[in-house]
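Undergrad: Based on the provided sequences and hints, a complete structural model is requested.
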Amino acid sequence: MRMSRILFGSIPFWAHINPTIGIAVKLMERGNQVAYTCHRSMETAITQAGLPYLPHCQWNEALVFVHSHIATHPDTWAKLLKKQFGIGQGDIYLVSLEKAVKECLAIMDEWQPDSCVFDMMFFPGIMAAEIRKIPYATSCPTPMPLPSKDTLPVGFGFPANQKKTFIVKLAMFLVNAHIKKVLKKLNAIRAGFGLPPRQQYMNAASPYLYLCYTTSAFERDRSDLPAQVYYIGPSVSKKLIGTSEDFPWKWLAGETPVVFFTMGTVFLHKEVIRQAIAASKDAPWKMVVAISHHLSVDDFTDVPENVLIRNFVPQVALLEKVDLVVSVGGLGSVGQTLHAGVPMLVMPRAGDQFDVAQLAVETQSGRRLDPRQVTAGSIREAIKELLDNPVYKQNALRLATDFRKCDAPLTAARMIEQLAIKRKILLRPKSVGPTVYSKDIDRLLDIVA
Numbered sequence: 001m002r003m004s005r006i007l008f009g010s011i012p013f014w015a016h017i018n019p020t021i022g023i024a025v026k027l028m029e030r031g032n033q034v035a036y037t038c039h040r041s042m043e044t045a046i047t048q049a050g051l052p053y054l055p056h057c058q059w060n061e062a063l064v065f066v067h068s069h070i071a072t073h074p075d076t077w078a079k080l081l082k083k084q085f086g087i088g089q090g091d092i093y094l095v096s097l098e099k100a101v102k103e104c105l106a107i108m109d110e111w112q113p114d115s116c117v118f119d120m121m122f123f124p125g126i127m128a129a130e131i132r133k134i135p136y137a138t139s140c141p142t143p144m145p146l147p148s149k150d151t152l153p154v155g156f157g158f159p160a161n162q163k164k165t166f167i168v169k170l171a172m173f174l175v176n177a178h179i180k181k182v183l184k185k186l187n188a189i190r191a192g193f194g195l196p197p198r199q200q201y202m203n204a205a206s207p208y209l210y211l212c213y214t215t216s217a218f219e220r221d222r223s224d225l226p227a228q229v230y231y232i233g234p235s236v237s238k239k240l241i242g243t244s245e246d247f248p249w250k251w252l253a254g255e256t257p258v259v260f261f262t263m264g265t266v267f268l269h270k271e272v273i274r275q276a277i278a279a280s281k282d283a284p285w286k287m288v289v290a291i292s293h294h295l296s297v298d299d300f301t302d303v304p305e306n307v308l309i310r311n312f313v314p315q316v317a318l319l320e321k322v323d324l325v326v327s328v329g330g331l332g333s334v335g336q337t338l339h340a341g342v343p344m345l346v347m348p349r350a351g352d353q354f355d356v357a358q359l360a361v362e363t364q365s366g367r368r369l370d371p372r373q374v375t376a377g378s379i380r381e382a383i384k385e386l387l388d389n390p391v392y393k394q395n396a397l398r399l400a401t402d403f404r405k406c407d408a409p410l411t412a413a414r415m416i417e418q419l420a421i422k423r424k425i426l427l428r429p430k431s432v433g434p435t436v437y438s439k440d441i442d443r444l445l446d447i448v449a
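First residue of the sequence shown? That's 1 in this note's numbering, and the numbers climb one at a time after it.
It is worth saying that the hints were derived from the structure and are not from the lab.
Using 25 Å as the maximum straight-line C-alpha spacing, the simulated PhoX-like pairs for lysine-lysine come out as follows:
#  : residue 1 : residue 2
1  : Lys99     : Lys184
2  : Lys405    : Lys439
3  : Lys184    : Lys83
4  : Lys102    : Lys185
5  : Lys430    : Lys149
6  : Lys163    : Lys149
7  : Lys82     : Lys181
8  : Lys133    : Lys184
9  : Lys180    : Lys163
10 : Lys424    : Lys133
11 : Lys149    : Lys181
12 : Lys82     : Lys99
Computed beta-carbon distance windows for the label pairs:
#  : residue 1 : residue 2 : range
13 : Gln48     : Asp446    : 32 to 40 Å
14 : Glu255    : Asp446    : 49 to 57 Å
15 : Met3      : Pro390    : 44 to 52 Å
16 : Ala227    : Arg132    : 21 to 29 Å
17 : Arg132    : Asp298    : 43 to 51 Å
18 : Lys149    : Lys184    : 21 to 29 Å
19 : Trp111    : Lys180    : 30 to 38 Å
C-beta: ideal position from N, C-alpha, C; glycine also.
TA: Okay, here's the thing in structure tokens:
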């Protein structure tokens with residue numbers, strides 16, 4: 001097979017970069033040339049994986065500001081954003097967009113990629129690829145966000161059987177009204193580059209290839225899913241940042257169940273972490289708490305002996321040794337959790353996390369605690385239920401069996417290679433479902449070629 005040049009790009013959020021790392025590494029292992037453009041705040045994550053980093057598009061400082069301030073200023077970050085950048089939180093993805101598109105165009109003109117892989121929110125790369133007519137794949141690190149007649153909109157955590165009550169309709173109306181305003185601004189920028197208007201804001205699919213890190217076993221059924229959309233399973237990579245972190249593995253020894261608590265790197269909240277610590281005091285389990293680099297271990301006092309707090313942990317390795325995970329419900333961490341066959345308590349904080357939490361409930365692989373329900377008592381009760389009731393573990397193992405039939409990095413790499421060579425949309429026929437298992441990839445590529 002002819003080797004290709006593949007350009008990656010993402011917004012500077014860990015959860016959006018992480019699933020693409022394994023794919024980029026796999027493409028390099030297969031002899032392709034790969035480069036990654038992103039804000040410099042993510043350079044270490046990219047270069048540590050052995051990937052060439054292109055610093056020419058520093059989009060955007062407002063996103064980096066949000067990434068660092070939600071944890072340290074959970075109640076005032078939006079006001080600080082307004083003061084620092086003069087924008088509301090709805091306009092974050094429009095900051096310096098024209099400049100960033102021009103930077104991405106310059107990258108493409110110099111580097112000459114055969115195809116690209118862009119995070120669903122990396123607007124400058126997507127627009128530049130459209131302008132230069134370079135085929136690109138969308139990397140979707142969330143539950144399936146594309147609109148469907150079979151489901152209610154994502155971002156609310158609606159149950160599958162949710163009726164369209166007045167409150168539901170009102171919530172949808174208010175959100176849609178806001179999105180329309182932002183979309184109008186985005187389309188004005190697109191028009192300046194001679195591009196047609198988008199019909200969706202973030203929930204728009206690449207016309208060539210759309211990759212989502214799940215399977216049909218952890219998604220809602222959709223009869224109108226676009227034919228270029230594929231579920232490839234969790235993208236779990238040993239190259240992710242944190243995998244080389246030192247960890248006191250002996251602390252886990254013994255018969256006591258181990259709970260891993262993580263709020264990711266964006267939606268950290270000190271009070272919620274303190275509640276989780278309090279919930280574990282004198283409890284019949286050990287708890288490992290990861291707080292990222294945004295917080296300090298010294299922020300937490302009166303920590304009981306059965307709680308271990310670390311900034312970073314080797315998460316993929318740790319998941320093989322724990323009995324339960326408590327998280328905010330980012331699809332990346334949840335995919336890794338279920339890939340390891342571990343049940344979970346999901347405490348969503350924003351957007352698609354509520355949808356992931358609801359999927360955990362509906363698959364009986366976990367429980368859901370919304371923000372207003374979170375107390376030390378409710379966390380303790382939920383952890384006890386999840387550890388004591390074998391149904392959750394059984395369903396987590398069922399999903400693990402399904403997830404492990406996939407190889408997201410290899411599947412994505414082979415499809416992206418096909419896209420780079422054929423330079424045309426990879427459409428599956430109606431007879432082929434969206435989930436791609438490892439055993440099916442050869443047959444699938446023969447069909448879509």
